[in-house]
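Colleague: Following the hints, complete the assembly by docking chain B onto the known chain A.
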Amino acid sequence: GAVVSQHPSRVICKSGTSVKIECRSLDFQATTMFWYRQFPKKSLMLMATSNEGSKATYEQGVEKDKFLINHASLTLSTLTVTSAHPEDSSFYICSALPLAGGPGEETQYFGPGTRLLVL
Amino acid sequence: AQKITQTQPGMFVQEKEAVTLDCTYDTSDPSYGLFWYKQPSSGEMIFLIYQGSYDQQNATEGRYSLNFQKARKSANLVISASQLGDSAMYFCAMREVGGGNKLTFGTGTQLKVEL
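Same order as they appear, the protein sequences are chains A and B. The first sequence begins at 1 in this note's numbering and counts up by one. The second sequence begins at 1 in this note's numbering and counts up by one.
Among the hints, erroneous ones may be present.
DSS-like cross-link-like pairs, simulated, lysine-lysine; straight-line CA separation at most 25 Å [what the hints assert, rightly or not]:
(1) 41(A) - 3(B)
(2) 3(B) - 42(A)
(3) 42(A) - 112(B)
(4) 64(A) - 102(B)
(5) 102(B) - 41(A)
(6) 112(B) - 66(A)
(7) 73(B) - 42(A)
(8) 70(B) - 41(A)
Not close to chain B: a few residues of chain A, all C-beta gaps over 12 Å, as computed [as the list claims (entries may be wrong)]:
(9) 42
(10) 45
(11) 70
Just so you have them, the derived chain A footprint on chain B, three or more residues with Cβ under 8 Å [claimed, not checked]:
(12) 38 to 44
(13) 73 to 80
(14) 101 to 112
Rather than coming from a laboratory, the hints here were simulated on the basis of the structure. Ideal placement from N, C-alpha and C gives every residue a C-beta, glycine not left out.
Looking at chain A on its own, in the form it has when it is part of the complex (with noise of 0.2 Å):
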């Protein structure tokens, strides 16, 4: 139980064009769900979190317009990188936080990331 998944796991972009990766708890629901991102050899640094049905919180520093997140469902959150440039290139990986009293509620669980080349 308490699977994540992302979609797409990699992908290839010009500069210019914008990319929308989707996160989904596939076997729980989800209050809130997290976008971090991650540099190689680096941790994860969260860039905002993102509740069901409301305007998602981010963190200093990290541009709303740029990065827009959408959380349309208790299962569904998505990520769009608005007009893409080569230094948004980056490991992007998203969790989810199970409903209080789902399976492990303390815990977020992952998605596997999506490795995102822009040209």
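Modeller: Frame of chain A; chain B shown alone:
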């Protein structure tokens, strides 16, 4: 100040031996949770073990155990009987109740298991 400190950038261990990965934390929140995640080269973050600040006993999950020393603010991960598949990056993380469910991660320890 770093909230989560992992002082070992890299560790080597021989197969079948036990290894301890260090983690210290800093918080003034009386209620918090500590987590360990494993990240293989493929990139996914695999949840290993959780310890709550009010838990009286150290957490264990199979070959993983968490050596929780609250007064010293340390939460070391012990992996027993290491296997080649344990080679990965290991992250310690903390969730503070006053922090809105956010996780703060350490810088990670790269573990390599050798024959």
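Colleague: State for each hint whether it applies.
Modeller: Hints versus structure:
1. 41(A) - 3(B): 19 Å, holds
2. 3(B) - 42(A): Roughly 16 Å between the alpha carbons, so the hint for residue 3(B) and residue 42(A) holds.
3. 42(A) - 112(B): 17 Å, holds
4. 64(A) - 102(B): 18 Å, holds
5. 102(B) - 41(A): Given pair residue 102(B), residue 41(A) holds - Cα atoms ~21 Å apart, limit 25 Å.
6. 112(B) - 66(A): Not OK: residue 112(B) and residue 66(A) at ~38 Å, beyond 25 Å, violated.
7. 73(B) - 42(A): 23 Å, holds
8. 70(B) - 41(A): Answer violated: residue 70(B) to residue 41(A) is near 29 Å, above 25 Å.
9. 42: Given a closest Cβ separation of 8 Å, the condition is violated.
10. 45: Its Cβ does come within 12 Å of chain B, the nearest being 8 Å, so this is violated.
11. 70: The claim stands: residue 70(A) keeps its Cβ more than 12 Å from every Cβ of chain B (closest is about 19 Å).
12. 38 to 44: holds (count 3)
13. 73 to 80: violated (count 0)
14. 101 to 112: Since 7 is at least three, the answer is holds.
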